[in-house]
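Since chain H is already given, all that's left is putting chain D on it; use the hints.
Chains as they are written, first to last, in the numbering used here: chain H, 671 to 1169; chain D, 671 to 1169.
Check each hint, because a few of them may be wrong.
Intra- or inter-copy, both count: the list cannot distinguish identical chains.
Here are the simulated SDA-like cross-link-like pairs (lysine to any residue), alpha carbons at most 25 angstroms apart as the crow flies [as the list claims (entries may be wrong)]:
id, residue 1, residue 2
1, Lys724, Ser696
2, Lys708, Ser946
3, Lys804, Met829
4, Lys708, Glu819
5, Lys766, Thr835
6, Lys686, Met777
7, Lys709, Ser946
8, Lys742, Glu759
Rather than coming from a laboratory, the hints here were simulated on the basis of the structure.
There are 2 protein chains.
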Amino acid sequence: MTLGSELENDFLEFLKEKSSYEEALSLIQWDLRTYAPKKGRQQRADVIGFLSQKLHHLSTSDKMKNFIDELKGQTENIIIKHSIEECEEDYNRNKKIPEQEYKEYIMLCTESETIWEEAREKNDFTLLQPYLEKLVDYNKKFAEYWGYEKNIYDALLHMYEPGVTTEVLDEVFPKLRNSLSNLLTQINQSTNKPDPTILQHHFPKDKQEQFSLEILKRMGYDFQAGRLDETVHPFAISLNANDVRVTTRYDEDDFRMAVFGTIHEGGHALYEQNISNSLAQTPLATGTSMGIHESQSLFWENLVARSEEFWTNHYQLFKSFAPDQFENVELQDFYRSINEVKASFVRIEADELTYCLHIMVRYELEKALINGEIEVKDLPELWNQKMEDYLGIRPNSDKNGILQDIHWSAGNFGYFPSYALGYMYAAQFHHSLTKTMDVGKVIKDGDFGKVKDWLGINIHQYGKMKKPLQILNDVTGESLNPQYLVNYLTNKYSKIYQL
Amino acid sequence: MTLGSELENDFLEFLKEKSSYEEALSLIQWDLRTYAPKKGRQQRADVIGFLSQKLHHLSTSDKMKNFIDELKGQTENIIIKHSIEECEEDYNRNKKIPEQEYKEYIMLCTESETIWEEAREKNDFTLLQPYLEKLVDYNKKFAEYWGYEKNIYDALLHMYEPGVTTEVLDEVFPKLRNSLSNLLTQINQSTNKPDPTILQHHFPKDKQEQFSLEILKRMGYDFQAGRLDETVHPFAISLNANDVRVTTRYDEDDFRMAVFGTIHEGGHALYEQNISNSLAQTPLATGTSMGIHESQSLFWENLVARSEEFWTNHYQLFKSFAPDQFENVELQDFYRSINEVKASFVRIEADELTYCLHIMVRYELEKALINGEIEVKDLPELWNQKMEDYLGIRPNSDKNGILQDIHWSAGNFGYFPSYALGYMYAAQFHHSLTKTMDVGKVIKDGDFGKVKDWLGINIHQYGKMKKPLQILNDVTGESLNPQYLVNYLTNKYSKIYQL
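Bound conformation, chain H alone (with noise of 0.2 angstroms):
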């Protein structure tokens, strides 16, 4: 054994170290969030910030820097070339922030969130305001830190979506924008709706988790590695690859809730189960980011469980679980109706073409903010001005308008593109794999094994080892291009509403 090789085996000791934090936050993560009773919650924060700061002492250690230090560009190992440069991203990150002015900072997100449920409750954003205006200096002031070639918020847009610059954005989301508000016009002029009310059935839980665990099957989730839980704000969480976990809500009034989440989840989880084994224990066994991170809920909630083809073949299993609700219900019009688009004020409740919308409206406000354009007291004023002209509808309270995220309250100011981004790749990565098979046909056969196959070899095997656009890139042959999911939009909607 050589001395590099040694020193690279004692870094990737230190790395499970580092997982082995992770993993056991992950699960107190998942057990606060399904079955941990309320009263030992509080004792459990401590436990939380104890591992948390463990693992940061960790990642901003002098050994971690030696490490960094001696192994950057002198390793063939790939895994640990990539292992590298990943934590010097967080090493640097968390570096270059003053301690005390981080911790001031954590406070105040800690303080502002609170503040936002008060604000949001009493539908009163003059409340919020100081914080928000705090929390934007505060990201300008980190941006300056951590550096940025040319737009300051390129720096908090790199957390979230590496390689992906305003740049870039303001070159695709501007064509994105239009042409989903120009379809939404011609949605709404439609005289051809579907009726949503028919979907409007008692659905009992314990039949929709049995339907929803039936179809978790069929897409290949793997419930040795994984399981279903209840919640109240559903989510997928990886504690390994090996044990990826899906959580889910039930509307007794509304399947959709537990349905279309649940395989949205599930599609999350997919993409964790089926990282390559190679790369466990180091922090290249995630996903690369969180707009492919999204790309794969979406495909797989919208692209899949949202097409024709995939209720051609489902419809009657699903009806088997709720034979008498939906007996009168045809197939043609429950399609139509459990697509039906609608501009609403809250972005959580959008429809699949509307989200995007809701997105761009987030986006440029908080890059104008970052770039001192605009300012935090006129936010309510512009907001509700991008909603009319984007979706044509203006929020009737702040509750419903500027107050409705945690997001920016939570000091994550460039996080929101990335959910357009998943909306784009995901059609991107769909378009690809109709060049190598007959995607309706399989999904109609419900085929889904493919499927999983083609995303797993081609996306979720990697982990971090590809930035975002690179896998991009290596699956569809180009860069960003909205066209993909403008056309899937365009095609599935003048259909559905005989435009």
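Just chain D, lined up with the frame of chain H:
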């Protein structure tokens, strides 16, 4: 703030770190034994190994040694005083064994456990014999390292039941053994035996669960600070005093498994839930010994839930969950049947009377082994002879004899007496309780709050602040006395078997 109190605060912070590792490890253990998917367990073992190692390092660190040296006998804070005692004991126990030797021992234990499974399956004691020989040697060596006053076995006993010595047990156990053996002989000769077949009815799992939950609730188990889940080998586990979880196992053809099992674990859980909050995140925030813990589970399982008064009150409720099955079973017959006494080969299937006789067999053999009075190779024959002497039956195979328990193969010598101590403590506590209230009436009225509060105030709240025999003395005004258990069992079975 004086220098002394600064050191004390540092020590308390240090204990919090220790407690955080313990809490994370407890959650992982709970998860592994309830919900963790199969494939994820391998990497989880790494996480357990890592966190256990960190915890071990803290317990044996120079920092710990320094706290002990500086604070021992130097503090007026009673919680810190007792915590230091616990830490010192832990420190010495770990430090007195040479590191290399301890590592070899841990590996031997892991190996022996696997061999034990094989030996039991093949009914071949000779496979296990060489491992047991080594384990006995190690334990003798460890006992010498740790030190003892009179009997080498005391050093091992001390780990599970501090303060209880071989001298005490040799005074008490033979009396108990003789009395129980005599009572068993009388029972065997009785012509008025209960009929256990009347209990054999199908009882759906969900109905058993509902009844078990209701009883837990009536016992005063706090569901805001705990929960009930299913598992293979039932246990109760404390993450912290506000999160103490119970698990159970359902046999649809024998409700006794889940019902009495849940009450038993519920007894353990009540102990942990009612430890004073002021002890939180110190080594005192748990039950004081194996024996006292077992006394709490047995108190509820046997002295409460197998009493005639309990079923006088709860049989109607019980039948409401299984009305058809128990329609024709009279209360008196039901009560007698759940209290059937029958000598059997296997400890964990033993009834309330014969259980302690199983323990006597084990205690006498392990004490003799550690004292070098007998050899491992002779164990099967000695075991069978003692079974015949005390229980009147001779195991038909080693599988049902010497090979049935994992304890010795896992290196646990000195543990078995705790079970019998638990029975005696429970009866002794019960006797004291009868002096403060009409226990029979209280149970008949289902007024369990009174019982729970009495146990809480007299036993639970102290955690490890008091040693087992101190608690016994404080609560009952006397030292260990087997007569209370003998009296209780004699009264009970005289009536049931009409002796």
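Hints that the structure is at odds with (numbers, increasing): Hint 4 alone not satisfied by this model.
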